[in-house]
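On the provided structure of chain A, position chain B as indicated by the hints.
Going down the list, the sequences are from chains A and B. With the numbering used here applied, the first sequence covers 1098 to 1204. With the numbering used here applied, the second sequence covers -18 to 393.
Some clues are possibly wrong.
Claimed, not checked - Per label pair, the in silico range of CB-to-CB distance:
hint: 1; chain 1: A; residue 1: VAL1174; chain 2: B; residue 2: ARG150; range: 18 to 28 Å
hint: 2; chain 1: A; residue 1: VAL1174; chain 2: B; residue 2: ASP207; range: 35 to 45 Å
hint: 3; chain 1: A; residue 1: GLY1131; chain 2: B; residue 2: GLY377; range: 47 to 57 Å
hint: 4; chain 1: A; residue 1: SER1165; chain 2: B; residue 2: PRO97; range: 17 to 27 Å
hint: 5; chain 1: B; residue 1: SER127; chain 2: A; residue 2: PRO1111; range: 55 to 65 Å
No lab work stands behind these hints, which were simulated from the structure alone. Don't be surprised by glycine CBs; every beta carbon is placed ideally from N, CA and C.
Each chain is listed here by its residues.
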Amino acid sequence: MRYLVSVIDDKSNPGSTDRRPAISAFNERLIAEGYWVFAGGLADTDMATVIDNRGEQAVFSDGPFVESKEYLAGVWVWEVPDLDVALKLAAEASKVCDRKIEVRPFQ
Amino acid sequence: MSDAVQEAVTRAHHEEWARVVAALTRRFGDLDIAEEAAAEAFATAVERWPADGVPPNPGAWLTTTANRKAIDRIRRENKRDDKHREAQMVYGDDPPEPVGAIDDDRLRLIFTCCHPALAMQTRVALTLRMVGGLTVPEIAHAFLVSETAMEQRITRAKAKIKAARIPYRVPSAEDLPARVCGVLAVLFLVFNEGYLATVADTDPIRHDLTAEAIRLTRLIRALLPDDGEVTGLLALMLLIEARRPARISAGGELVALDEQDRGAWDATLIAEGHRLVRERLAAAAAGVAPGRYQILAAINALHTSARDIRDTDWSQILALYDQLVRLDPSPIIALNRAIAVAELDGPQVALAAVDRLGDKLAGYHAYHATRADLLRRLGRSQQSRAAYDRAIELAGNTGEAAYLTRRRDQLQ
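In isolation and in its complexed conformation, chain B is listed as follows:
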């Protein structure tokens, strides 16, 4: 296959997969049929486009081909079962919904895949398969489970959607904020797994996952442009992703923010992230209260605005953490807030705040790593060493464990 055709197939897969699956799900009321027919249509494209040329409208070609494949399958099954088992047009009799900015089949697909009646892990897998177009082996590899187990998880989810009649629609306005929040949680989980893989024996940073999470968040933003939290999450992901080139040393060790080569940060991603944050700041100035992703994005914008760690505006960062704590009083937010406190009021004050979190965070590596760093800055080497030991023990990420080990071994 020529590079041009290969590129056309890849682009069509990125741009059209979710659209094809979503349209077919709507027409046939069955995720299984939609998924299989979409996969067959793309396989046919790979076969035919090199010889026939790339069609002028690849999306329309793929949808038509997938429709034909779906109808073939339904006919085959009808014949085989010797009874008229039409694909259930389960949702065909629903009254037509008002056409608005968010009337897109892909949104229906996303809300179905991220339905609260499915387990979180299932939502992640289903979203990556149905909306992201990742193959089952790819998803299995990303989460280090066997392909059979992943296949079963997805099959079971499709069966539950059908049997329990999880609806294929955009939630009502009243339910929308909570359901969007659920979708964003799925995307952030995918991103975080890529950003800092929690399992040993994988690369410390999984670019495939962060890229996929950003791509899907862009899609949601295109579909829900007025939702501030969607914009906030996209900005947050871009500003974290921008630092990726500086986050891993040549030796595979994680590099902390204060030691990163800021010249290696991706200026284009930072510019885009900052533009989105400014957009949300304007909305906040107009009286729209920001949610947690918008606040986190603003914190990251302050980090990425500083050319040198010493130029960081810690008092602004602390003010944002104070705002965040009011929204989300979780101990992890309080831990991150303490890091800003250390910069402003010194490690002694911060350590007191961190020690108060011991009950809740004793099993969390970052709690021990933060303590270790504060104890080191206070010259309490012996206690710092013990905290590093515990952090290394709990860190699942190889790059992070390597970083913590080096810091421990540098103790006087």
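Bound conformation, chain A alone:
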């Protein structure tokens, strides 16, 4: 079962910035245990561009599709047997990243 694991940061109360070594070690473990599919940290939401080409011509707009205090700072994709395994890893991930985590199944 595949889950999208989102790391949520808060602009008004950001998590600490010294987490890289811990996250790398956690990733090594995810790989060793066979859960790791993909991981990536994201650039700031200001760097985003939204494209809407449902009308006659494509409209590009600068910035994220929704402005919010909380935003997506990075993602994982995990392949795990069930939600209990995902939640257990996510609880560790939240500590490791010093941020909130959302776990959401793929269809």
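Frame of chain A; chain B shown alone:
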């Protein structure tokens, strides 16, 4: 339907519903199919048993019938969708788990319904439906939401269990205590809603809910006999339930512990509750530290041991509250502790302790009711009246509001 057959159907529903739903969920890996097939099997029993007689093994009859209904439904859906949409045997390929004392499908069902990934209200509704066998209208009525809203809540929960793959299994030994704790919280919430309905316009005591909570806790105890907190919660519920006959006056007013007719308490429930508390005291003496439900049960055992309010062993009760505060430093526990303090050290000392909780409990009716009572005992009528006013304003329970109003109006 004759009374005997009616009784057999009711008994089978109580004893077999959870077993049937649990077995089918395991076989078909789908709560929805299991629930519907179980409901159909019981409907068939209601139709057939009066004519055919009650089968010698109602549980086996119901499981077989429900299995057949489930397979019929899967075939129907396959035909309709014109594709081979087998019921997902999602969990069929799991390695068989070791057979032990707790290898029971009903436990899997309970842990799935009380999974921490579901909202508390959803856990309550799902547990009452899937494990308790209450109908959706019954649950909707119990929590005063519309049937449509309750149906949606349960449907959404079943969808999440499936889509997010909430596992159908008993948690590992390492996770078990925390997960059992979650299950007990659901059952205690159901019990408390019955014991003191928080919403206006219902009966002050909802016996249907307290009875259901006790029944389900008995079931968990049968499945997890070695868990001290399960035993503690059952004892606690029994000792509170035992006082029910004395808790409401003929006029629908709540009767406080000091004014209750103790002769009206249910001696059988008290005896059972006391036996369970003694069982846990023996374990505590052997070095097993008691959890909060066991301590609360012991406090209630002291109340139910006193033939008269004046015989209450308040120093023991205070010692137990001290123990409880160390486990759970919540302001509500501290408030209840202050009531024991008032009996031992007088209302002045207790009031000082209660006043320290004002920041955290200002919106809680019992905080104001306790203050009102202490102020009354200190002869500070005017302040007592103001506290009663605030307590009445905040009390959601009609019987409790009536009681507080009478106490206020008795002030000199």
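Numbers of unmet hints, in rising order:
Structure breaks hint 5 only.
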